[in-house]
Amino acid sequence: MSSWYKLFKLKFDSLFRNNRKNEELRKEMEFHLSHCIKENLKDGMTEQEARKAALREFGNTEFLEEECRDSWGMRMVTESIQDLRYCWRKITNNKLISLMVVVTLMVCISANFIVLSLLNYFHFDTQISNNPEQTVRIYDSFNRPNPNNSLRTSPSFYVERKEQSELIENIGIHNETWCNISFDEGSIRTIYRQVTSLTPSLLHVFGIQPRLGRLFVDSDAFEGGNNQVAILKHDFWERFFDSDPNIVGKTLFIDHVQYEIVGVMPRGFQIPQKSNPQNLLITGVYRPLVISQESLNDELRSRVRMGCFARLKAGYTARDLEQELRRINENNAQKYPNFQRISERFQHKTHVTSLRQDRMRRGIDVVWYLQIGMLALLSVGCANIATLILGKNISLMGEISTCMALGASRLRMMRLFLSEVVLLILFGMLLAIPFTYVGFDLLRANGYFDLFVNEPQFEFDAKFIAIGFAISFILALIITTISAAPIIWRKDLRGMMQSGDQRTGSSGVMGFYKGSLLVVQIAVCVVFMILASLLFRSLHNKININPGLQVDRVFSAAIRLPNDTYTPDEKRVTVRDLYERLSRLPVVESVGVCQWIPLKFLWGEDRDLYIEGIYEPEKPETVFRCTADRIYGDIFETLNVPFIQGRGISANEAINQMPVAVIDSRIAEAHFRGQNPAGKRIAIRRNPETRELDWVNIVGVVKAMRTSSLTSEEHTPGRIYLNAQRSLPFSNGFVIRTKNAESLKQFQLMMRKTVDEIDPKLGLVWPETMIESRARHFHDHKNLMILISVLSGIVILLSISGLFVNIYHTISSRTREIGIRLALGEPSKSIIWRSMSHWFKFASGGIFVGLVVTVLASAYVSSLLFEVSRFDLLTYLVVLLAVFGTVALAARIAAQKAVCINPSSALRTE
Amino acid sequence: MKKIRKELLQGTLDLLILKVLATEKLHGWDISKRIQIVSSERLILKQGSLYPALHRLENRGWIEAEWGVSEAGRSAKFYSLTDKGRLQLEEEKQHWTSFTQAMEAVLTLKESIS
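First to last, the protein sequences are chains A and B.
Taking the working numbering, the leading residue of the first sequence gets 31, the next gets one more, and so forth.
Taking the working numbering, the leading residue of the second sequence gets 16, the next gets one more, and so forth.
Some hints here could point you the wrong way.
Unchecked claim - Have a look at the derived ranges for each label pair, beta carbon to beta carbon:
{"hint": "1", "chain 1": "A", "residue 1": "Phe38", "chain 2": "B", "residue 2": "Thr27", "range": "45 to 55 Å"}
{"hint": "2", "chain 1": "A", "residue 1": "Glu69", "chain 2": "B", "residue 2": "Trp82", "range": "20 to 30 Å"}
{"hint": "3", "chain 1": "A", "residue 1": "Leu441", "chain 2": "B", "residue 2": "Ser55", "range": "45 to 55 Å"}
{"hint": "4", "chain 1": "A", "residue 1": "Ala438", "chain 2": "B", "residue 2": "Lys108", "range": "38 to 48 Å"}
{"hint": "5", "chain 1": "B", "residue 1": "Trp82", "chain 2": "A", "residue 2": "Trp118", "range": "29 to 39 Å"}
{"hint": "6", "chain 1": "A", "residue 1": "Gly74", "chain 2": "B", "residue 2": "Ser55", "range": "21 to 31 Å"}
{"hint": "7", "chain 1": "A", "residue 1": "Thr122", "chain 2": "B", "residue 2": "Gly83", "range": "20 to 30 Å"}
{"hint": "8", "chain 1": "A", "residue 1": "Phe38", "chain 2": "B", "residue 2": "Gly83", "range": "14 to 24 Å"}
{"hint": "9", "chain 1": "A", "residue 1": "Phe93", "chain 2": "B", "residue 2": "Thr27", "range": "19 to 29 Å"}
{"hint": "10", "chain 1": "B", "residue 1": "Lys108", "chain 2": "A", "residue 2": "Lys57", "range": "31 to 41 Å"}
{"hint": "11", "chain 1": "B", "residue 1": "Trp82", "chain 2": "A", "residue 2": "Leu441", "range": "29 to 39 Å"}
{"hint": "12", "chain 1": "A", "residue 1": "Ala435", "chain 2": "B", "residue 2": "Lys108", "range": "48 to 58 Å"}
Think of the hints as simulated: they come from the structure by calculation, not from any bench.
All C-beta atoms in this analysis are idealised placements derived from N, C-alpha and C, irrespective of residue type, glycine included.
Work the whole structure out from these sequences, hints included.
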């Protein structure tokens, strides 16, 4: 037999044949003792004396056996196995509490896995850039009313920075335009998608390699060169080309111009956009941007329409670049007077943010919600588990004191308690793994992750397991310390063994300790239940916000008339022609044409607003801001927007008459408070030839619609509607109210047919009912609300059930005491009432502490709340009732059960 | 004859056991007796302390044990030296020799030098 086999057998026997080994050890020592005794007998001792002397000479056999066991090297393992057995017995003896603890752990761990995966997306995702810290967004702000609209810059700045910055390794710009895309010449399969024009350097800034083909090269963007090359976005390639691996070299048509496809970007890549509620606004095709000399005009500097990204040289930060660019701006302002004038007038500033910061800012609400959710879950979970395990340990106080009286060290007892918590955590984690998979798939399958541009992937890798274990172990230590240390470190073992009342934890030091922990548990419940309810109500308000118009039976779509095939006059005629044809359709009630279709194109054209009688040329403060829209037809009737004063713009308004305008109530309140604006004159532009203001007459006031975003606070200063017939519309949006809901369903076909009658090549842009537009607009918030609802629901359920089980278990463990009371003649009702009132005291304390903390904590979440006060009375009342209700119910059920038991049986209860 | 103090034996017990077992297979009682006799009763072990040492050496693979029958006809656990134990014995002996030489050198130092 080889020596390693013998050693293995030795270890195996000491681990798995422990009893046999111990028996052998005893036998061996007994053999030795028998020889000693024999020798002592020979020396003339009596048998008793001989045995005593032998034992004295031999030493403490128990101690020597322990030493021998230590030398086997498996002591720790065998003790751990013993501990585990003991823990398992403790777990199975208190099934209700153990189940509650495991469920709490399972839910908390699963939810945290999911939340960590989502947070990981914001912090570490590299699908957009291979170095998010060194890739920066550069944008210029010009004192606009809504700063979110200006994460952009202009070509002049780009060219200057490319030439003058010493910190930039590479820089590129891009802009988006809506184009008709067809897949072969003359095809009626025309789609309308965003096309991003970008400088070839931009894709190199992100450091991402194409999935197929190549990226753009400088020669693709030379003025007059071969610019007709395109790169497809991955999802566009999948959807419209069925992931054709031979796509490179094939062609497509953008606004009837043929482009050669030279590459496909990898999955998940897209140029970062500002937060965009409509996911449809995602580019499908990239093409090279040619920067013309005209676009470098100083006057155009404040028209910041280009997104700009740069890669920093190693060792520099976004802040370094921002300071350098501001210095460059100051130098250039001295060279170009026009730039200086614009810069001073609009308080120009240049901003640089790293892609990581940028992403964090765009997803800041989501990150906040998730972090609050995670904190809430962990706090509620910890509070639940600590109080439950403390309750259980208190009921085992007699057993603990007996073990300690028999010589078990405090550390050994602590290890036992820790092993129990670790065992429960392991169960929780094991159950959490399938639960997480199911939860993640469920959320993904229902599209709840669509609020992220790139769908976050659930990564079940070593990193998450390690984090999960580390968090769990720290929690186990905290929980064990909180729940076991006060019991184990008590000095009066006799008191522990004898005090029947204290075993229930209802009085004395342990009673106070348990009571305090319960107050903390109730306080945590109250805080997070109120915060969760406030966030839920806030999101609910966002989804149910009134946009100021009625969307029932309204259909909307736009047509784009390419500049190369339609002259301005032809465009005007075509729009009018389509308007009239649609108006004549029997199912149509009314038709309106507008530049920016509500709920689709929510922004608008920011303009200066001059009001006659207020405006003074020398005083810039008499120039206001507004958003302009150009309308035609019965737009307000179609959208059911009521007139507050005056009338709308007639379709037959004569061109040669004084131009008219309709203002919304926001402008009326800001500038014509207490007056009738009808008949007053305003201007939003100067005549290009005479530089005189083009005055228009106000003919009516309509109720304001929400325009900047339906889901954020309104920032726009108000809207002015002008006659679309007097100028070229940028876009031609149609809104059509049908006579009944049935015809609305088929209206897309009718409209397509009507457009075909005019020009079959015209793409129908974004055709859908306005109910769909509205639903899509809230899609992200709805998904977020569902995520928050799930998290809030879990927090509330855990809080309530934890509280319930804790109270139920504590009262149940007092069955013996209740039996004595019954035996002594106390009425059942009195016992029940005593139990309930006892718990009400704790509930009142917990609620008081919870309310104080909530009032302080809600200040930090108030920025996330939408149209709900952080002191919302209804929310507070409902939560308080729920907490009181749970306490009352648990106390009532447990006490009722206890008083129903026969007093003699109750006395035998342990 | 003076008995050697117990603490002096600390650390040398392993060497004594290995040396005694180098000649033949012995059980615990015999080992302690053999040490006692060979040392002319100057080395008297605390009986019980032998067993943790035997189990430690067995666990290190220096000695091996098997159950057999003693002269008195009772079943006893017999220990014998393994090959690994033999090497260890040589090593321990060298250590001991160099230790005693060092001690000797120090103790025979002439007082006049200081």
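Here's how the hints hold up against the structure:
In this structure, Phe38 (chain A) and Thr27 (chain B) break the distance hint of 45 to 55 Å, their C-beta atoms being roughly 30 Å apart. Under the hint 20 to 30 Å, the C-beta atoms of Glu69 (chain A) and Trp82 (chain B), about 23 Å apart, fit the expected range. The given range of 45 to 55 Å is respected by Leu441 (chain A) and Ser55 (chain B), whose C-beta atoms sit roughly 47 Å from each other. The supplied range of 38 to 48 Å is met by Ala438 (chain A) and Lys108 (chain B), whose beta-carbon atoms lie about 44 Å from each other.
Taking 29 to 39 Å as the suggested C-beta distance range, the pair Trp82 (chain B) and Trp118 (chain A) conforms, at roughly 35 Å. Checked against the hint of 21 to 31 Å, the pair Gly74 (chain A) and Ser55 (chain B) passes, with Cβ atoms roughly 24 Å apart. A hinted range of 20 to 30 Å for the beta carbons of Thr122 (chain A) and Gly83 (chain B) is inconsistent with their spacing of about 45 Å. In this structure the supplied range 14 to 24 Å holds for Phe38 (chain A) paired with Gly83 (chain B), their Cβ-Cβ distance being about 22 Å.
Between Phe93 (chain A) and Thr27 (chain B), the C-beta spacing of about 22 Å keeps the proposed range 19 to 29 Å intact. As the Cβ distance of Lys108 (chain B) to Lys57 (chain A) is approximately 33 Å, the hint placing it in 31 to 41 Å holds. Roughly 37 Å separates the CB atoms of Trp82 (chain B) and Leu441 (chain A), a value that falls within the hinted 29 to 39 Å. At roughly 50 Å, the beta carbons of Ala435 (chain A) and Lys108 (chain B) sit within the given window of 48 to 58 Å.
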